[in-house]
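Generate the whole structure from the sequences, applying the supplied hints.
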Amino acid sequence: MSPLANIVGVAAALCSMTSFAPQLLKIWRERDASSVSLRMYIVTVTGFSLWIAYGVLIQSWPVIGSNVVCLLLSAAILALKWRFSRRG
Numbered sequence: 006m007s008p009l010a011n012i013v014g015v016a017a018a019l020c021s022m023t024s025f026a027p028q029l030l031k032i033w034r035e036r037d038a039s040s041v042s043l044r045m046y047i048v049t050v051t052g053f054s055l056w057i058a059y060g061v062l063i064q065s066w067p068v069i070g071s072n073v074v075c076l077l078l079s080a081a082i083l084a085l086k087w088r089f090s091r092r093g
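Heads up, the sequence shown is in the working numbering, so the first residue is 6 and it goes up one at a time.
These are calculated hints, taken from the structure and not from any lab test. Since the model is a prediction, treat every value here as computed from it, not as a measurement.
Pairwise CB distance ranges (calculated): (1) L19 - S54: 19 to 29 Å; (2) D37 - S7: 41 to 51 Å; (3) D37 - V61: 29 to 39 Å; (4) R88 - S7: 40 to 50 Å; (5) R44 - M6: 32 to 42 Å.
All C-beta atoms in this analysis are idealised placements derived from N, C-alpha and C, irrespective of residue type, glycine included.
Shown next, in the form of structure tokens:
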């Protein structure tokens with residue numbers, strides 16, 4: 006793989022992984038996840054799970070690693086959505 010491909014891959018992985026941080030921090034600080042779409046995060050968590058399976062099938066540790074991080078972050082948002090919507 007070319008150095009440019011590696012740079013693009015790392016940049017893409019970093020963008021994907023950090024994209025969840027602002028949403029996660031906002032939900033945690035405000036203790037409110039009402040603006041989060043439950044369906045969207047269910048689809049997102051499912052998508053990352055499938056990317057991990059794909060990474061395992063093609064034996065690509067960068068695909069697996071970055072998607073595990075994204076899965077954990079998006080699953081945390083999903084869990085907070087469930088937790089804060091159950092409060093009343």
